[in-house]
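Whenever a hint applies, use it, and build me the whole structure from the sequences.
Listed below, chain by chain, are the residues.
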Amino acid sequence: MQIFGLYNYWIVIILMMIGLYVVIASGNLIKKIVGLNIFQTSVFILYISIGKLQGGTAPILVEGVTSYSNPLPHVLILTAIVVGVATTALGLALAVRIYGAYDSIEEDEIQKQDATS
Amino acid sequence: MIRAQLPVLQVVIPLLAGPVCLLLHHSRLSWGLATSASWVALFISLALLDQVLITGPISYELGGWAAPWGIEYRIDEINAFVLLIISGINAITISFARASIEHEVNEKRGHIVYTGWMLYLSGLLGIAITGDVFNVFVFLEISSLSSYLLISLNRDRRALTAAFRYLVMGTIGATFILIGIALLYMMTGTLNMADLAARILSVSDTRTVKIAFAFLTAGIGLKAAVFPMHFWLPNAYAYAPSAISALFAGTATKVAIYLLLRFFFTIYGVEFSFETMKLDRILLPLALAGIFVASTIAIFETDVKRMLGYSSIAQIGYMVLGVSLVSVTGVTAAILHLFNHALMKAALFLALGCVFFRVGSVTRGDLAGLGYAMPWTMGAFVLGGLSLVGIPLTVGFISKWYLIVAALDQQMWWLAVLVLISSLLALVYVWQVIEVAYFGTAGDRSVKIKEAPAALLIPTWILIIANIYFGIDTSLTVGVAGRAAQALLGTAS
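Protein chains in written order, with our numbering: chain F, 1 to 117; chain D, 1001 to 1493.
Read the hints as simulated data drawn from the structure, not as lab findings. Just so it is clear, CB atoms sit at the ideal spot from N, CA and C, and this is done for glycine as well. If a hint is listed, it holds; no wrong ones were tucked in.
Each pair of labels, with its calculated beta carbon distance range:
| # | chain 1 | residue 1 | chain 2 | residue 2 | range |
| --- | --- | --- | --- | --- | --- |
| 1 | F | Val96 | D | Leu1046 | 39 to 45 Å |
| 2 | F | Leu53 | D | Ser1202 | 17 to 23 Å |
| 3 | F | Gly5 | D | Asn1106 | 53 to 59 Å |
Covered by chain F, per the in silico footprint, the following chain D stretches (three or more residues, Cβ under 8 Å):
| # | stretch |
| --- | --- |
| 4 | 1124-1138 |
| 5 | 1147-1161 |
| 6 | 1179-1186 |
What follows is the structure in structure tokens.
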């Protein structure tokens, strides 16, 4: 079946929706960062799936092997993974500073404090 | 010899200056280094623009790897112009920054400001200069991550939540662009912009390419703060330190508009973007809604920095409006407004930086009587505000003129009328500030307010004079914008 043969793309879509939902629906800053992470991870899987060739091996010249997976998307996504780590680190650092300043990481609580001050 | 290396030096100099600023660990020294690097970057972009105007597009192969495989830096009229806008606004605002940042940011963190500043600059210059779509994503994230840092450095705790919100929105936007790039690569097998443009024609009726188009539109729209994806912008501008607000107002969204032009005109091509996908029919209503909604909110906003933030959203609407007309005059108007809006908005934010330096607040009520206490500062604000409204002899007039001509060219007289009406809204919110500053009665202040120091006034007035100069002598701006628009629409003669 064509539809199940592409199961990794289904996983990408499901993870992407879960991630976006958590970012939008959750008021907790840490949960928002977790959601953002899941969202980004889905894109990593998308890139890795693009490069995979059915029956292909790692792109190393070996005798008797004629089909190779495309290494370029895999290399690209390494860069994006680094970006994702940096974003998470910065987001968590901001959450720590926000906790220090507001004594809370709940969005509605923070908005309440901003409205009254 | 060195001339051939200018494209890469444009990005590498600020990129190296950033970490050195961190190592220097001294606020003033870092500022000195960052300022010199910024002015060098400005001269490089002037040299590049000069070269492009004489010899045509420049192509630079990074590491000597030939184009579709290696990363190519490709500079034509439009990116040379965008490079000039970014490095020009950056050089002026960083010259302004020393006194202002010392006043607004914890002194132990001074060197971090300039580290983030330089990384931000190299990210923006990289987006503008590169000819490789994945490189665009990498530079986009470099500039975005450093901009979250820069916002969060303000003493006001609301800056932290503004930075966090911007981080969430910005990451979603950048990831959408990343998905778009993945889908394009899937169909074409290339990341080079020129190569993509050539190969996309044969696969342009596949669903993958159309979905990529949708992701790119949403992602770039978020980054450009096109209405209704603008919610991160007002707080990010309002709670960043003053010099940083001016920097963002002059550069951040401009680069996103450049990406919009690059992706939809150069890569996808006019025919696909505007005839197959009918992007203009989405952009036009969004632009108009953005102009009117954001201008109306600006009228009711009492924090003047937030007011200017909403005004920026409206001004982005004018740029998108120009793009959505899909004519040479319309795109010329959009590119002109990139330059002109950078000049006027950066000048206004710098004037507010002067106010904040002396008064410690930029709420409208606190500006009462400042017209007499700080005549040079408020004089700059008045001229910048008039430019925002679009009074003749200022740059704002030139942008609006071209926009109206472009609308009339297509027999859309109602659009020209709407642009004129929206200018009146701008007049209302600018006038409210002027009225308070000149005719409001100052309450009993405990200390007498003095005029801002020359170190702050000189950069502000350089921008104000530029606002008037380019409003009178338009040969450079209109000439370059016109050539860039012709190149984008493929009608170069």
